[in-house]
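Student: Here's the letter readout for the chains.
Number of protein chains: 2
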Amino acid sequence: MGNAVRFDYQHQQPVTIISGADAFANLRGYCEQHQGAKLNILVLTSKGHHQRGSLQPLLDQLHPHPFTVIDSIQPNPDIDALDALIAELSPQSFNVVIGFGGGSVIDAAKVVACSLAGANSRPLHQRFRANEATAVTRTCSLISVPTTAGTGAEVTPFATVWDDAEKRKYSLSGAAVAPDAALLDARLTLSLPAFETLYSGLDALSHSMESLWNTNRTPISEAYSRQAFRLIVQALPEVLANPADTHSRAMMQQASLLAGLAIATTRTAVAHSMSYPLTSHYQVPHGIACSYTLPGVLQVLKQDPDGTFAELLHDLYEPAMQLLAQLPIMAELENYVQWSQIEALLPEMDVKQRSGNFILPVNNTVIYKILEYSAVFYRNTEGASLR
Amino acid sequence: MGNAVRFDYQHQQPVTIISGADAFANLRGYCEQHQGAKLNILVLTSKGHHQRGSLQPLLDQLHPHPFTVIDSIQPNPDIDALDALIAELSPQSFNVVIGFGGGSVIDAAKVVACSLAGANSRPLHQRFRANEATAVTRTCSLISVPTTAGTGAEVTPFATVWDDAEKRKYSLSGAAVAPDAALLDARLTLSLPAFETLYSGLDALSHSMESLWNTNRTPISEAYSRQAFRLIVQALPEVLANPADTHSRAMMQQASLLAGLAIATTRTAVAHSMSYPLTSHYQVPHGIACSYTLPGVLQVLKQDPDGTFAELLHDLYEPAMQLLAQLPIMAELENYVQWSQIEALLPEMDVKQRSGNFILPVNNTVIYKILEYSAVFYRNTEGASLR
Chain A
1 MGNAVRFDYQ HQQPVTIISG ADAFANLRGY CEQHQGAKLN ILVLTSKGHH
51 QRGSLQPLLD QLHPHPFTVI DSIQPNPDID ALDALIAELS PQSFNVVIGF
101 GGGSVIDAAK VVACSLAGAN SRPLHQRFRA NEATAVTRTC SLISVPTTAG
151 TGAEVTPFAT VWDDAEKRKY SLSGAAVAPD AALLDARLTL SLPAFETLYS
201 GLDALSHSME SLWNTNRTPI SEAYSRQAFR LIVQALPEVL ANPADTHSRA
251 MMQQASLLAG LAIATTRTAV AHSMSYPLTS HYQVPHGIAC SYTLPGVLQV
301 LKQDPDGTFA ELLHDLYEPA MQLLAQLPIM AELENYVQWS QIEALLPEMD
351 VKQRSGNFIL PVNNTVIYKI LEYSAVFYRN TEGASLR
Chain B
1 MGNAVRFDYQ HQQPVTIISG ADAFANLRGY CEQHQGAKLN ILVLTSKGHH
51 QRGSLQPLLD QLHPHPFTVI DSIQPNPDID ALDALIAELS PQSFNVVIGF
101 GGGSVIDAAK VVACSLAGAN SRPLHQRFRA NEATAVTRTC SLISVPTTAG
151 TGAEVTPFAT VWDDAEKRKY SLSGAAVAPD AALLDARLTL SLPAFETLYS
201 GLDALSHSME SLWNTNRTPI SEAYSRQAFR LIVQALPEVL ANPADTHSRA
251 MMQQASLLAG LAIATTRTAV AHSMSYPLTS HYQVPHGIAC SYTLPGVLQV
301 LKQDPDGTFA ELLHDLYEPA MQLLAQLPIM AELENYVQWS QIEALLPEMD
351 VKQRSGNFIL PVNNTVIYKI LEYSAVFYRN TEGASLR
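From first to last, the protein sequence lines stand for chains A and B.
Position 130, counted from 1, in the first sequence is what full-length UniProt numbering calls 130; the numbers after and before it change by one each time, with no gaps.
Position 246, counted from 1, in the second sequence is what full-length UniProt numbering calls 246; the numbers after and before it change by one each time, with no gaps.
Worth flagging that the hints you see were computed from the coordinates, not collected in a lab.
It is possible that some hints are incorrect.
Partial pick of chain B residues on the chain A-facing surface, computed with a CB cut under 10 Å [what the hints assert, rightly or not]:
no., residue
1, Ile18
2, Ala23
3, Leu39
4, Leu184
5, Pro219
6, Ile220
7, Glu222
8, Asp315
9, Tyr317
Think of the CB as a built atom: it goes at the ideal place given N, C-alpha and C, for glycine as much as any other residue.
Put together the whole structure using the sequences plus the hints.
Tutor: Here it is as structure tokens:
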């Protein structure tokens with residue numbers, strides 16, 4: 001290790017992962033084992049999944065236990081909407097909560113599961129807006145069923161909650177926030193549209209790299225990161241070219257899982273720090289916002305005069321640059337924001353909670369370099385297009 | 001993936017890993033959290049550790065809880081000796097068992113912890129010799145503290161028990177067999193003699209590769225395997241050249257852990273299958289016995305006419321061959337057995353429980369090829385010497 005990988009750490013990976021075409025068949029047994037014979041199940045999802053019927057194979061497995069489906073979960077779930085939902089659901093004594101969807105649905109399921117009666121009695125908005133470091137507890141079982149391949153939310157011990165009223169976002173985190181089990185069936189991702197496939201794939205790519213150039217990197221997180229990266233380099237171009245290929249879809253799903261396991265240890269770093277103003281000001285999709293800077297970050301590390309990061313960049317720099325050059329990142333980004341507008345956001349890009357995890361000290365000079373290197377990179381690549 | 005990696009799997013990693021110079025400082029809190037304020041601790045170790053005082057820093061952390069140290073654990077613990085020990089210890093109501101030592105000590109701790117009163121009441125020899133598939137349970141906490149870097153026993157859900165009377169060995173396995181926590185302090189491995197450093201390092205190397213050419217390989221086990229392999233290639237020559245280098249020692253300790261996590265999922269394969277007669281007939285140390293065939297296995301996969309294993313061998317074949325060529329494997333092996341004697345053991349080398357995990361069907365022809373390729377490999381390498 002040319003630079004510091006942490007040998008002092010505590011590691012727990014509490015999520016049971018159930019993967020494959022039979023994943024749902026194991027669901028009822030898993031829940032009964034943990035909650036006893038009398039289950040009362042809450043399924044959170046989005047309208048789309050409910051209407052398209054993709055939820056049905058899962059619901060079929062719950063019989064004869066009672067279940068309630070709530071399909072009103074919106075992207076980037078708002079704290080007041082979640083509070084209303086929690087108040088409505090709490091009297092029903094659910095002992096299993098299932099989040100079936102993308103990152104927003106799974107994050108909502110995490111928040112709801114940690115807030116139902118018996119867990120935390122005070123409303124979220126009170127706890128978050130008062131900046132209280134609340135101990136998060138949970139009594140029900142929590143199961144994640146991802147339908148995208150990218151966020152890693154199916155295994156991470158944190159959830160993002162949005163405060164539309166106060167224009168802020170909060171992070172709920174702690175051991176209770178991690179799902180008890182993640183069910184992975186790659187067929188659920190087959191119908192993802194091209195742009196969502198790209199965005200979520202870029203999210204996973206970004207996680208795999210952000211967890212490597214990270215001061216919290218451990219030998220275990222590095223194992224997850226590099227395996228995720230290896231899978232993405234192979235499968236992301238394939239899945240964009242041939243969206244119906246179940247094998248590539250499964251590889252991306254496993255990569256998302258592995259990258260999620262990595263950031264569960266390390267959290268994200270400078271590329272995520274630089275993403276937030278693009279999303280809050282210009283609604284740039286998260287997957288694009290957190291990956292448009294990846295070429296610049298790689299370049300900044302490569303340029304280090306002491307060659308400190310040679311070992312880190314080994315098997316990373318070249319395949320990453322090749323992959324990034326063939327993805328339509330810039331074309332997608334320009335649908336939302338121009339480069340001059342991005343540069344103007346520089347003063348907001350150093351969010352220490354994230355940039356502080358980067359293995360180089362971050363300041364405006366470093367951020368400027370990352371932006372400039374990225375601009376040069378995209379100027380010199382052809383830039384495929386999705387549309 | 002050129003060949004089948006499993007996407008259908010269930011994965012649990014129940015071991016909390018506490019690594020670093022402060023690992024012991026976390027021990028008491030960990031035990032109190034799981035067993036309450038009243039601890040009664042059993043420490044199993046070997047005479048050497050007890051006499052050299054290397055156990056003391058751990059014992060210092062147990063204060064004021066009562067503890068009992070048993071330092072009579074022998075290499076390859078015998079089933080009747082363990083039964084006698086369990087009968088003696090059971091009345092004392094231990095609620096924490098700590099295994100402090102190499103693989104044999106940790107395996108003994110697993111067996112004892114799963115056999116103390118309250119867990120399984122019938123003696124081991126009855127359960128094993130009757131070939132009963134006993135459900136293994138455990139009520140006490142089980143902590144592993146490895147002092148070698150190789151077996152991976154600190155995280156695996158299985159333990160080997162030897163039956164000296166009936167000249168057999170048994171495997172205890174199940175979720176209860178995996179330790180609750182593994183404490184890793186690399187300083188404990190600093191005093192390992194050169195031959196033990198080599199043998200245990202080769203054991204870890206073998207695990208990292210056996211879990212890759214394995215039908216049970218999953219994307220998660222592959223992450224562990226490849227990271228373990230990457231660390232070993234770098235650190236094993238370093239630690240043999242400079243045994244006092246804590247950083248290399250820590251890398252080997254982490255590699256052993258990662259390789260253990262990998263075989264916890266996959267178990268071992270053909271190289272282990274081919275090792276057993278060497279150990280039972282000629283007492284060849286396990287690390288040498290399970291790795292002398294690695295060049296031959298690599299070669300057999302490389303020779304596959306369809307190139308099926310190109311992806312698997314990528315980043316594996318070349319660095320593995322280079323590493324194996326510079327290690328004194330043949331010199332050590334010849335201290336115990338001659339090559340003609342090894343070849344005569346061929347009929348005993350196909351232990352299906354292990355060889356059945358190999359990604360090619362194993363028969364005597366394949367085993368013969370592995371032996372021949374290995375012989376040619378060692379004939380063409382200089383072969384360093386430890387002594």
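Student: Work down the list of hints and note, for each, if the structure agrees.
Tutor: Comparing the hints with the structure gives:
no.: 1; hint: Ile18; in the structure: holds, 5 Å
no.: 2; hint: Ala23; in the structure: holds, 8 Å
no.: 3; hint: Leu39; in the structure: violated, 20 Å
no.: 4; hint: Leu184; in the structure: holds, 8 Å
no.: 5; hint: Pro219; in the structure: holds, 4 Å
no.: 6; hint: Ile220; in the structure: holds, 7 Å
no.: 7; hint: Glu222; in the structure: holds, 6 Å
no.: 8; hint: Asp315; in the structure: holds, 7 Å
no.: 9; hint: Tyr317; in the structure: violated, 15 Å
Hints 3 and 9 from the list above are not met by this structure, while the remaining hints are.
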